[in-house]
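There are 2 protein chains.
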Amino acid sequence: MKLLQDKIMQEGIALSDQVLKVDAFLNHQVDPVLMAEIGKEFAARFRAERITKVLTIESSGIAPAVMTALELKVPVIYARKRKSLTLREDLYTEKVYSFTKQEESEVSVSKKFLFAGERILIIDDFLANGEAAFGLARIIEQAGATVSGIGIVIEKAFQPGGDKLAAAGYRVESLARIASLGEGSIVFADERQHQSV
Amino acid sequence: MKLLQDKIMQEGIALSDQVLKVDAFLNHQVDPVLMAEIGKEFAARFRAERITKVLTIESSGIAPAVMTALELKVPVIYARKRKSLTLREDLYTEKVYSFTKQEESEVSVSKKFLFAGERILIIDDFLANGEAAFGLARIIEQAGATVSGIGIVIEKAFQPGGDKLAAAGYRVESLARIASLGEGSIVFADERQHQSV
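Line order of the protein sequences matches chains A and B. Per the UniProt record's numbering, the first sequence starts with residue 1, numbered consecutively. Per the UniProt record's numbering, the second sequence starts with residue 1, numbered consecutively.
Source of the hints: derived by calculation from the structure; they are not laboratory data. Hints may be right or wrong, so weigh each one.
The list treats identical chains as one, so a pair stands whether inside a single copy or across any two.
Listed next, the in silico DSSO-like pairs over lysine-lysine satisfying Cα-Cα at most 30 Å (straight line) [to be verified]:
| no. | residue 1 | residue 2 |
| --- | --- | --- |
| 1 | Lys-7 | Lys-95 |
| 2 | Lys-95 | Lys-164 |
| 3 | Lys-83 | Lys-2 |
| 4 | Lys-112 | Lys-21 |
| 5 | Lys-73 | Lys-83 |
| 6 | Lys-2 | Lys-95 |
| 7 | Lys-111 | Lys-2 |
Nothing here was measured: the structure is a model prediction, and the numbers come from that model.
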């Protein structure tokens with residue numbers, strides 16, 4: 001998505017070969033017009049999947065997910081993230097390991113809002129190792145629903161998450177894919193080539 | 001706002017005389033069409049204030065704040081909330097006490113995104129004791145910016161936050177004001193009468 005790539009080049013900051021800071025428009029300060037365009041783009045790419053709900057994870061996924069859900073005219077759920085959660089039988093819960101924070105947290109979704117047979121679109125701001133996306137996918141599958149797609153704003157294509165999700169049979173669409181980062185340098189990768197599964 | 005009051009009556013659950021559960025459309029599952037209408041309503045009420053940025057707090061404030069910012073065509077910032085934060089000189093930080101969770105957390109905003117002279121609109125999902133709103137207001141004032149308004153989706157008018165904020169000279173607009181809650185009963189209050197300050 002050219003608009004997003006331009007924004008990353010203008011306002012993203014490569015802090016190292018691993019870390020891209022985009023807190024100027026995505027995960028602290030948010031550009032709402034860009035989010036609306038991102039929502040339209042995800043909706044266009046996944047409309048044929050007959051999505052019944054969008055699922056994301058707090059907090060940085062919420063803005064792009066809400067805009068996508070608005071375009072698709074379906075509800076959006078944001079999974080709650082906590083360091084450790086008392087297991088409760090009214091929640092679907094999965095453990096998610098964050099390599100960035102080097103800690104495990106638990107993500108949960110109320111059983112009231114996810115149903116068997118639903119077709120769920122996962123939206124998240126970043127994809128690196130795929131831990132969060134796999135956690136959300138397991139929650140969807142616990143509910144007997146289907147993961148109908150995974151929409152990612154920025155994929156670090158030099159980390160294994162995207163390939164692992166694709167190998168697991170999920171359709172992953174990333175609006176920007178980063179091939180490599182260096183101090184002051186950001187190189188984009190081509191879009192992933194999809195097979196419908 | 002009639003649309004919001006109707007939604008609260010249809011899908012809100014009064015768990016006690018203190019707790020209104022609205023996780024079906026506001027703070028776990030989110031109705032994006034309602035959020036877009038809420039954004040339009042806040043934008044209409046505050047447009048004359050020449051807002052330069054919207055400020056909210058993660059996570060439940062993000063959806064209504066992003067929609068408001070989209071309508072006003074300004075950036076939105078969500079303050080980060082943490083149990084205890086290493087004080088960092090690149091952040092504005094304030095302590096906020098949550099009566100619901102009975103714990104103190106720290107909210108912070110990067111100094112990169114708030115400037116002296118800006119006119120900031122605070123948006124949040126709930127107003128009860130006003131702790132979060134006062135914390136955000138102190139952050140804005142630390143930056144030398146002006147709190148140009150406070151937009152609240154649901155105000156618990158039986159708790160003191162709204163009156164305290166008004167007494168402190170802030171313009172507070174709440175789209176739904178709850179006069180009282182009981183098991184299975186939700187009673188609305190009239191809108192606050194404003195004096196321009």
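### Task
Hints the structure violates: just list their numbers, smallest first.
1, 3, 5, 6
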